[in-house]
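Anchor point for the sequence shown: position 196 equals 242 in the numbering used here, and the numbering is continuous, going up by one each time.
No lab work stands behind these hints, which were simulated from the structure alone.
Accuracy of the hints is not assured; some may be wrong.
What the hints assert, rightly or not - Restricting the straight-line Cα-Cα distance to at most 25 Å, the calculated cross-link-like pairs of lysine-lysine (DSS-like) are:
(1) Lys66 with Lys212
(2) Lys212 with Lys202
(3) Lys314 with Lys131
(4) Lys273 with Lys66
(5) Lys212 with Lys314
(6) Lys212 with Lys157
(7) Lys131 with Lys155
(8) Lys321 with Lys209
(9) Lys131 with Lys144
(10) Lys202 with Lys58
(11) Lys216 with Lys157
(12) Lys155 with Lys126
(13) Lys143 with Lys202
(14) Lys126 with Lys216
(15) Lys321 with Lys216
(16) Lys126 with Lys212
(17) Lys321 with Lys279
(18) Lys58 with Lys143
(19) Lys144 with Lys212
(20) Lys58 with Lys212
(21) Lys209 with Lys66
(22) Lys155 with Lys321
(23) Lys66 with Lys131
(24) Lys58 with Lys126
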Amino acid sequence: MEAMPIQTESFKLGFIGPGKLAESIARGVVQSGFLPPQRISTAIHSNPNRGIAFQSLGITVHTNNNDVVDASDVIIFSVKPQVVKNVVLQLRPLLSKKKLLVSIAAGVKLKDLEEWAGHGRFIRVMPNTPSAVSMAASVMSLGGSATEQDGELVGKLFGSVGKIWKADEKMFDAVTGLSGSGPAYIYLAIEALADGGVAAGLPRELALGLASQTVLGAASMAVQSGKHPGQLKDDVTSPGGTTIAGIHELEKNGFRGTLMNAVVAAAKRSQELSKT
Numbered sequence: 047m048e049a050m051p052i053q054t055e056s057f058k059l060g061f062i063g064p065g066k067l068a069e070s071i072a073r074g075v076v077q078s079g080f081l082p083p084q085r086i087s088t089a090i091h092s093n094p095n096r097g098i099a100f101q102s103l104g105i106t107v108h109t110n111n112n113d114v115v116d117a118s119d120v121i122i123f124s125v126k127p128q129v130v131k132n133v134v135l136q137l138r139p140l141l142s143k144k145k146l147l148v149s150i151a152a153g154v155k156l157k158d159l160e161e162w163a164g165h166g167r168f169i170r171v172m173p174n175t176p177s178a179v180s181m182a183a184s185v186m187s188l189g190g191s192a193t194e195q196d197g198e199l200v201g202k203l204f205g206s207v208g209k210i211w212k213a214d215e216k217m218f219d220a221v222t223g224l225s226g227s228g229p230a231y232i233y234l235a236i237e238a239l240a241d242g243g244v245a246a247g248l249p250r251e252l253a254l255g256l257a258s259q260t261v262l263g264a265a266s267m268a269v270q271s272g273k274h275p276g277q278l279k280d281d282v283t284s285p286g287g288t289t290i291a292g293i294h295e296l297e298k299n300g301f302r303g304t305l306m307n308a309v310v311a312a313a314k315r316s317q318e319l320s321k322t
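Please take these sequences and the hints and turn them into a complete structure.
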C-alpha cells in the first residue's frame, strides 16, 4: 500500500516503549498543546508505574503494542537499542506504508530499520529529555521513502518540545554523544556547582537554586545573544578578579578536555550499539 499524506491536524501518535524519554516527549507534546492526550497512546507490559506516568497525562495505555500500532498514524519506537530489531520485526505485519515510523533508538541505523520494517517510510530522530519542559535539542534524518511532508510533520512534532535540526545520518553518533547524552553532563555540573556552594558556606537549597538558575541563564545568553561562548566568558572575566581565578582552576584540571572526551566517548558507544 502506497504512502498517503498524514494530516497534521488529526493524526494519532503512538509510542512503542514507554520509557523516560518517551514520557518526556509525550509530556512536552501535551503541555505545548500540539496534540491532545486523547490522540496519543502507548502500551505497558510489566512495570505499572510506567502506565501511571502516561495515564496521569490523559494518554491512552494499551496492554500490547499491536493496539498502539492499530490506533496510530505516526509511531515512535522508543525501546532500548538492543531490542528495537525484535520489536520492529514482531510488528512488521502491521507496519504498512500508511504508517509513518520514527525511531529514537540510539545507534540504530535507518538502513536496518527500513529492512526490518519492510519499507523506508522511517525517520530517525535523536531527541533528549528536556523535551519534558519544551527545551529539547533534537536532530532528524529521513529514510528512503519518507517524504518532505513527513519530515515537516516530524519537525513540527519535535519542534513543539524544543528545537530540531535536520542532518545527515552519518552525524548521528556525534549528535548522540553531544545532545543525546549531554543533559547528564550538565546535571553533573549543576550538582558540582551546588556542592561547591555548600563547601563555600551556602545552605544546600540556596546553592542548588543558584547553580540551576545560573546554568539556565548562561545557556539562554548563549542562545539569544548571538555571541560566541568565549566572548560571553570574557565579558564576565575581569583582570585579577574572582571569575578568572575560578576559570584558572578549571583549566588546570582539564575541564574543557574532559567535556570533549565525554562527548567522544558517548559517540563511540553509539557506534558500538549500531554494530550489535
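Taking 25 Å as the top limit, are the C-alpha atoms of Lys143 and Lys202 close enough? 21 Å, holds
With a cut-off of 25 Å on the C-alpha distance, tell me whether Lys212 and Lys314 pass. This hinted pair holds, its Cα atoms lying about 21 Å apart.
Agreement of Lys131 and Lys144 with the hint, judged by alpha carbon distance not exceeding 25 Å: 20 Å, holds
Next pair to validate is Lys155 with Lys126; report whether the Cα-Cα distance is within 25 Å. 14 Å, holds
Can you confirm whether the C-alpha distance between Lys202 and Lys58 stays at or below 25 Å? 14 Å, holds
Hint check: Lys212 vs Lys157, CA-CA at most 25 Å. Holds or violated? Roughly 17 Å separates the two Cα atoms, so the pair holds.
Is it true that the CA of Lys66 sits at most 25 Å from the CA of Lys212? 24 Å, holds
Does Lys279 lie within 25 Å of Lys321 when you go C-alpha to C-alpha? 40 Å, violated
Against the 25 Å threshold, does the CA-CA distance of Lys209 and Lys66 hold or violate the hint? Measuring from Cα to Cα gives roughly 19 Å; hence the hint holds.
25 Å limit on alpha-carbon distance, applied to hinted pair Lys131 and Lys155: 11 Å, holds
Starting from Lys273, check that the Cα of Lys66 is at most 25 Å away, please. The hint is violated at about 34 Å.
What's the verdict on Lys126 and Lys216, does the C-alpha distance respect the 25 Å limit or exceed it? 20 Å, holds
Comparing the model with each numbered hint stated earlier shows that hints 4, 8, 17 do not hold.
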